[in-house]
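Student: All chains should be built: construct the whole structure from the sequences, respecting the hints.
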Amino acid sequence: MSIATRFVADATVSPWTGFVARRIGRLVVSLWVLVTASFLMIHLIPGDPVRAALGSSAPGALVEARRDALGLNDPLWLQYAHYLQGLFSGNLGTSMTSDLPVAQVIGDRFPATFEMAGLAFLLAVLIAVPVGALMGVLTRGGRRRPTELAFTSTSIVVAAIPEFLLAVGLVYLFAIQLGWFPVAGRSDANSYVLPVVSMALGSAAMLSRIVRVEMLSVLGTDYIRTARAKRLPNWMIYFRHALPNALTATLTIGGLMLSAMVAGTVLVENVFAWPGLGSTIVASILAKDYPVVQGVVLVYGIGVLLVNLLVDIALGMLDPRSTIKES
Amino acid sequence: MAARWLAALKTPAGAVSAAMLFLVLAMAVIAPILWTGQAEEINTRAILQGPSPEHLIGTDSLGRDLFFRLLVATGLSVKLALAATGIGVTAGLVLGVVPSLLSRRIGRLVTAFVNIAVAFPGLLLAMFFAVIFGVGQTGAVLAIGLATAPSFARLTQNLVATQSERDYIAAAKLAGVGKVQRLLRHILPNIAEPLVVTATIGAGGSLLAFAGLSFLGLGVQPPAYDWGRLLNEGLNDIYVNPLAALAPGLAVVIAGLAFNLVGEAVAETLGTPMPVSGRGAAPQRVPQASTAKPYTAAEPSTDGADSKAVLTVRDLFVSFPGPAGPITPVRGVSFSLARGEAVGVVGESGSGKTQTALALAQLVEHPGNVSASRLEFLGQDQLSSPSRARRQLLGTSFAMVFQDPMKSFNPTMRIGVQLAEVAQRHLGMNRRQALARAADRLRAVRIPAAERRLRQYPHEFSGGMRQRAMIGMGIMGNPDLIVADEPTTALDVTVQQQVLRLLSSIKEENHVAILLISHDLTLVAQVCERVLVMYAGRIVEDLPASDLAGRGMHPYTQALLAAVPDMETDRDRPLAVVPGRPADPSQVPVGCAFASRCPKADDQCTREDPQLVEREDGHRVACWHPSRGTGRERVSVELKLHAVALQGEAS
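Quick mapping for you: the protein sequence lines, in order, are chains E and D. Letter 185 of the first sequence, counting from 1, is numbered 792 in the numbering used here, and no numbers are missing. Letter 217 of the second sequence, counting from 1, is numbered 318 in the numbering used here, and no numbers are missing.
If you are wondering where the hints come from, they were derived from the structure by calculation, not from laboratory data. Among these hints, one or two may not hold up.
[As the list claims (entries may be wrong)] Now the stretches of chain D that chain E is said to cover, found in silico as 3 or more residues with beta-carbon under 8 angstroms:
1. 353-360
2. 505-515
3. 520-532
[As the list claims (entries may be wrong)] Here are some chain E residues pointing at chain D (derived, C-beta under 7 angstroms):
4. LEU651
5. ILE768
6. PRO769
7. LEU772
8. VAL775
9. TYR779
10. ASP829
11. ALA836
12. ARG838
13. ASN852
14. SER866
15. ASN877
16. VAL911
17. ASN915
The beta-carbon is built from N, C-alpha and C at its ideal position, and this holds for glycine as well.
Tutor: Spelled out as structure tokens, the structure:
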């Protein structure tokens, strides 16, 4: 690693190129770990997964035939090679319950999950950044203690409610009592409201606390004092000088939040019977449809890794020092 | 440790959350013993009922009482959450400690593995493990436990690494204490506290995760039931009996919060030092700025020439609220600055120099309180409420240069933009004109390749260049005053001279007044015509810079001078220092603040505070016993100045 780093530093390429190369290198290693883990998953299950899937009353010949079809009787290394080969050609295997290709199952279900997580993240950011920045400005330097207390305690409580419980509460209130939105399912725009809001609220509360704290620390820096010494109007100090700096620091945690959100979809989808990957993976685990489970785990994992990569690159672009700081 | 946990629980938030947690834990133990019978009694005549006096939150599809089921489920929910946390902490500790025990290579491998695992959300890991361990209670405990392990491992690694760098660990290493011994006897006890706090918060997380898995049908399987299971069953009947779903959800939230908040409360108390009980003598309160009696006895010599003055200040006070009454770092400062005059402000740290400068620039932040009987800049009153015109005047005519050029530029904005915005805002220039002006100003402060530099970020500038750019930013307008607060302290000696010469030449060329704040007497003597010596928030002497060498009358000025090492200082003897410690701004004594350190102090000095009185033309002193120093200092300072000048030429 140190040799590689030195090479990058000595070469005449810009530090930016080196930074992206290192990040992609890290992504590739993580991907390999992920793929290997999802491959091994099926082999770590105690007993025979095929027997478990087909049930103890299934005839032995059928089990053997299915094991052969899945390649489970080959030596482990060969299975691994086949698995990797399959991945590269987009072949993720076949579902044991529906006999559909796993890639097709995922392709059908992915858009619903992606839409829900994406919209929820967008909503969370749209709420958290203005609210957090405003609270930071209002409570800077120990001003307005009561406001600070009200904001902090509200956001702690909201952030502590897990998405799926919030979803249950929202369903009761807005779908059953008020009848404003459908109870479950994915159809028109109205059906998106409750799932997206229940995913976004907790994250928005957590993120707005972070934005506020970052805003406070930025407002206390020397360069904000410089901006004030230049007699810039307050809005310029807050929007131009403070907010971008507060957001670079927020972005790292926002990224972690987004990957947690990817996982959070699993629970919320099950509350709303949302036809996405989350309800698919749970149903497949319960039905012991391991090829589908493997495939979906892989998709979720790749989603998380991509989110992390994007956050790192965005950080590098927003904060001109981060390429230098990188070790 | 126990004492600090108790302290945490004495805070209102701590007490409430501790009470909540106690209730949850008590319920977890008691409920299964008392009410298992009621909770599992099947009643086919009362299936799926809503809330009623007999069944507070209704019944399930077998007619079982949901309220009792909810209470009894506390036991299993808490038990499983604690078990999972236990597994997570143990596995995390092992993974976290291994890198410090095994060979470097294996340690790195473990660290890399943990880093990859940490990137994945806990729920995803839990589902992965749930597949491997099989659907059910045991599988879920293992799954959630292992899913929380990576973040514990990361924390442990970080804590161990920080502790290992401490001196006492190095000492133990030198004393021949083995790796394992060091870890068990020295490191682990010291990192136990944050780990326990995190584990407490983690238990809350596990409880929520378990509810999630059970809700999905991957955790507890019937006939056993925890809150997640009850929620799963209740959600199907949400139309018939909403409470069947809402009540277990609420229980999960409350229990999760209880663990979380206790952990947070303790973490917060650990972050702050323990309050010290039984402190010594109560600090004496300084009269608050607003009620303070103004020190008006001495009128400054430049009073008659006020119309020429760039800046005039009378009775300036700055105070901050402190835990034991207000702290007043500036207590009645009065002086004037003439056009084109360079005045130095010297004094030890804590003498109120910087707060004076910030108050003059009207940059003291909340909760600081500034008051003065008079504050004028270019003949305009600065005490009235701020206006746009005043902002513009200050923005173009009052420049500030701060101590640390590393931190005083915005790291995410290009230098050019930061300079140009002054001209855009206050001079009505458009972006192109403003950038051209900025390039011109960078050239004026002798920064080569100005156009290219404009497009760079602050971190691409060297320290000295950054400070010159800061001065360049100050002269974007046409300043009449530059206030420079320790402008060279953060720079190395050769660069210091460049910056000082730059300030001097700007002063000469544009007839700008300079207020140079510094603790360095020689530096001030080099640039300034007049020197204000500050002690404990007041000006104790105001004298021509040429008089510094041997003609200072205040004992503090003399002591400061004597502490300046020069070419003749005997290097075998310890450096001279001003004896004693500077006055604490939260408890300034009644009389002369310097009395406790002054060789000439008598009863009068400890009784009455001397006023700043004019002794000679242009020389004011606040002392009951002013006298000229000996000739030795004069010689040595002149020598020293000569030496500095030589150094400047060399650089």
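Student: Of the hints stated earlier, which fail here?
Tutor: Of the numbered hints, all hold.
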